[in-house]
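Residue numbers (my numbering), protein chains in the order written: chain A, 16 to 797; chain B, 53 to 214; chain C, 19 to 297.
DSSO-like mimics (lysine-lysine), calculated; alpha carbons at most 30 Å apart, straight line:
1) Lys282(C) <-> Lys458(A)
2) Lys60(B) <-> Lys291(A)
3) Lys202(B) <-> Lys671(A)
4) Lys207(B) <-> Lys116(C)
5) Lys663(A) <-> Lys206(C)
6) Lys206(C) <-> Lys149(B)
7) Lys207(B) <-> Lys206(C)
8) Lys671(A) <-> Lys116(C)
9) Lys171(B) <-> Lys116(C)
10) Lys149(B) <-> Lys522(A)
Honestly, the hints are just simulated from the structure, not real lab data. For clarity, every value in this text was computed on a predicted model and none was experimentally measured.
One letter stands for each residue in the lines below.
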Amino acid sequence: MLDNPWMSVGKPEPRIDAVEKAAGTVRYTADYTAPGLLHAKLATSTKAHAKIKSIDVTEAWKIPGVRAIVTGKMFPFHIGPILADRPPLAFEKVRYFGEPLAIVVADHEYQAKQAAGLIKVEYEPLPVVNSVREAFQSNAPLIHENSGQYIKIISNVYPVQGTNIGSHIKIRKGDIITAWENCDYKVKETYSFNLSDHVALEPRCTLVEINPAGKVVVHSTTQSPFTIKKVLNQFFNIEVGNIIVHVPLIGGAFGGKGTVQLEPLAYLASKAVGGKMVKLEYDREEDLITAPGHIGLEATIALGTNKSGKLLAAQYTYLIDSGAYTDQAAGITRAMALDCTGPYDIANVWCDSYCMYTNHPYATSFRGYAHPELTFAVERTMDQLAKRLNFDPVELRKINAIKPGNSSPTRTMLNANNIGDVVQCIDRAKELIGWDENSLRKKTTDGKVRTKGISTFWKTSTTATNAQSGAILKFEADGSVNLNCAAIELGQGTKTILAQMVAERLKMDINKVHVTMEVNTQTDPHQWRTVASSTTFLAGRAVMNAADDAISQLKRTAATALQCSMEDLEVGGGRVYLKSSPEYGVKIEDIALGYKYPNGHAVEGQVVGHGRYIQRHLTPMDKDTGFGKPGPWWSVGTQAVEVEWDPKDCTYTILKAVTVLDGGKIINPMTAVQQMRGGMYLGLSFASQEAFLFDSHGTVLNPQLRTYQIMRFGEQPADYIVDFIQTPAADGPYGARGIGEYGVIGMAGALANALSRAAEVELNHLPLIPERIWKTRKEMQK
Amino acid sequence: MITNGTSKTVVKLHVNGETRDVMIRSADTLLQTLREQLGLTAAKRACQNGDCGACTVLVNGEPTHSCLSLSIESVDQHITTIEGFNNSFIQQEFVDKWAIQCGFCTPGFILNCYALANKHPNADDATIEEWMQSNLCRCTGYQEIKEAVKSVLQKHAGGSVS
Amino acid sequence: MIPFDFDYYRPDSISEAVQIYETLAKQSKKVLFYSGGTEFITFSRINQLYADAVIDLKGIPECNTLEMQGEQIVIGAAVSLNKITESNLFPLLGQTIKKIADHTSRNKITIGGNLHSRLIYRESVLPLLVAEAEVRLAGSEGETTVQLEEIFNQQLSTSPGQFLVQIIVPKTYTDSPFASFKKTKMSKVGYPIVSIAAILKNKQIRAALSGVCEYPFRSVEIEAALNDSSLSIEEKIEKAVTLLPSQIIDDIQASSDYREFVLKNTLHETMEALGAAHG
Ligand SMILES: Cc1cc2nc3c(=O)[nH]c(=O)nc-3n(C[C@H](O)[C@H](O)[C@H](O)COP(=O)(O)OP(=O)(O)OC[C@H]3O[C@@H](n4cnc5c(N)ncnc54)[C@H](O)[C@@H]3O)c2cc1C
Ligand code: FES
Ligand code: FES
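Chain A on its own, in the form it takes in the complex (with noise of 0.2 Å):
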């Protein structure tokens, strides 16, 4: 086979959007601007459980500017994307600090900002649940008194009336009870961490207006256009074909932008103006807050081995803080089961999930969606079981990767294609963080102690279960191609990926490429969400559907202007021509509109290719024990971190970092790499920093970046180490798997592994700030 010089994937492609993005010129939801709009603020809880007695909104009407107040009354009901539970403004009573109670929409956005805070509300406080293991007591106030009422979206979503647990998922795989009886080694440990949150740079906004004719128009910084649509229609009864979505370039979203919050309130905000295009942009303690974060954890792991070190019984509890309300939160409850062993065979396996409520901002979908969370409890756990065994924690590892012919805790079969090479990953980042058995903990000339940690992950993609990309490809006269898909462009370099898969099928100049980079549901094919990893595959498999489709409209009109059969022909390098004899052919600008015949006459019209893709075979997971087959594939890697650890004060840090992921076949290796580097960023920056800190009454303490740190220029590792290996996925497009969540997946509990070995004190809970582990030492010298 001759070289393909057009040849795009698995090349480092410069980013389509970096040159616009250095320029500055790139507009985001918030830079859009437009004459008459008006600005909606809101006005939030200063109570984190209470009843509303009366919201007074005499004063604030005063302000001038001032056009319309929603309160929840005029919208008392519920919604969610799993259990609707959520008023999207609060009636009757609140369930967290910084909820939404009333939308002022005025003229500026300081007029209604400074109606907003004239706003009287009247509470009747409620006793405060204020952590997970409060919210699981059989006598803890209830923070939804009718949970067991609420429509369920997706079917497999089950609260507890009369209790604060919004979800049960239950793994149920062998026989657990014998199993751990035989066990000769056990370990039982407890994890916890307090919500935290994404902080993606841009802060959410939407501009929402009502045309005369009745159709939605949303503007939106949202990683699900298409379930914006849905939540308008199913809540607010307005026909899906006159909602139209449109998605500019967004500043980060990290999972919490994949969730519907501001669009339902600009709506009613534009709505009680008469339709008029209203814009409701959060400030950064709104975007912290009132907005859904990450979730918290408790979660108990007990693990039993043979005198050889296999796993034989693991049992796992997890109590998911969500917060007041399931959202995404639920769906993450269900995430933890199924991958609860993380990548570990295990015959026995039993795991209790919960999606407790509590009065805490509520949580969403967070990169990596219950992986990096899980991780860290079972990755601490792997390495507690290895000091006591006495073995290397990556031999312990070793002998329990799962592999092909296994089967996942839902009972999925693994085989070559669906799961990577979890034992290759070990051994790679074994060699590339340095990891000698001798001498785990190395003291340096300067009194300080430098040790390493590693841990494993796995993570599956649960998408629905019809989850689906389409993509366009549209001929211009000069043969270049439009190609429009609804995934977005969040900063990961989606839509330089799919760029380069139509290059490469259609053996075309990336720069002949031209991606529109908004998204507008109205032309964009549908597109389930741009979340979970999935987008490579989704829209991958959709995008080469579309190009082939193409390819085979070019043959045919090329057929007629070359006189030949379809058979014949082949298409590359913005031509096509003859198999036979490539120097007869035709130029694709000559027959990108159709093919005109010397005469005049003209035949087949533009090319537009179109291509669609839709997960097959998924099924979702069994109420009492969890059989199912709910993702296409599981990605695995290893993680390793560095770290110098100062015994004098307990502070630390992080040298270095590793990353082996076995993604199956890199697209762009330099954008993978980026993705990587912004993962093992976030995942140090959650582990080692961040959380919310409440009060008693369940105030958020820290609702601003000053108070709530996020990792800075020169806090990160020194050096960041990216190695992939490539284990094709029959599936995926040209044999990739997703990429986009992983690298933080196994941060936490590789940071936390190597602390508690330099501070010889196992560190359970999070974030690893030095005040964390000199207390942890200081307990211990109890």
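Following the hints, complete the assembly by docking chains B and C with the ligands onto the known chain A.
For chains B and C with the ligands alone, kept in the frame of chain A given last:
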């Protein structure tokens, strides 16, 4: 003396080498005025609290959080936003070094880097860190940004930044 | 975004500023001085501060002084933290304020604003306390120059309408060996758990602390303990910690236990840096 009452007033701002009329409240921050009146939206509103650096502009060449300045304070100052740059090699360096993902932090980083290169062309790592710590990025993990800044400083030594 | 409206004045002279204040005060307006404005803006936007009018002191030439005048260093109240650090006129001050906020913010934050900050830290006061600085104030009663110590009790106590014009530091203090440390919860950019500025003068340590108690302070009792040559370094520190002017704070930055631990470490580090650890 400069005064501005509670009603809106027209004042002149010197932005990117042009003098522009804007109508402001005393309470309007420079960030608001740049974005809402001059359409210079590359200065981002991400915290309005001095914590993130996304709103960074140059005031008389010094990096400044435009969310921490009133517009009225800025009337006789020289303001530069990234829209005033024209494909500078700094911008290219950020592109070439893969220092851009979502791009929301990018204008702030580039302006800060520009000011750093002008003031400390031979900045050591500690100085680079001190300056760049003013800007948050949630996507990249900072490594590529660090490489871009270092490369800018290296190439800049002796030459002009823009 | 600041929700309320206010009048903005930027006078060109001290007398003009005094006059504006008096006029506005007579109209019972709530007036605030405005310097870097960072605190005014960030507190106002979350409704924790209100003013009918602000008087920006940046237009007053005296407030922008930054120079050596004879045997004194004179620093205008409206000079930004970065300018002070860059001038290197008083290295201990330069190093201490270099740890406040972040570099870009320090182009805007002024020393006058920091000294009057509503936050409990006011870290720029620490070097001034150990260097026995004087402050020049202006108000309706005219101008006075007083010892900082005289009017600094937990915070600067000035009468209504009085504002800080300049800070005057005797040059002799700039030659003393010094140390400055700031410890935070995690990130370098952040509020202090412990912040210390210290000098060695006539072989005696002088130290001021912020972040430990509800306010910054210098304590002669603590200094006496640290300078007590009959004690070992550990004993000095143990004793010093018992002499704090009030309880160690316990908040989201750190628990009081941990603060105490960090304080002891920091005192140790400070003594070592000043070569006083074994003296
Ligand atoms: C990102 C960030 C991080 C921060 N971190 C720290 C930190 O680590 N440590 C710390 O100590 N502080 C910190 N701060 C607080 C910061 O120090 C204050 O915002 C700053 O001190 C205020 O200075 P300014 O010049 O902007 O004051 P302004 O906002 O102008 O004024 C502050 C107060 O001082 C009064 N005032 C100002 N000048 C005078 C004067 N000449 N005479 C009388 N009254 C006057 C004003 O009326 C006002 O009440 C931080 C601030 C920011 C924005
Ligand atoms: S928006 Fe100005 S620093 Fe964040
Ligand atoms: S690239 Fe997204 S915040 Fe920096």
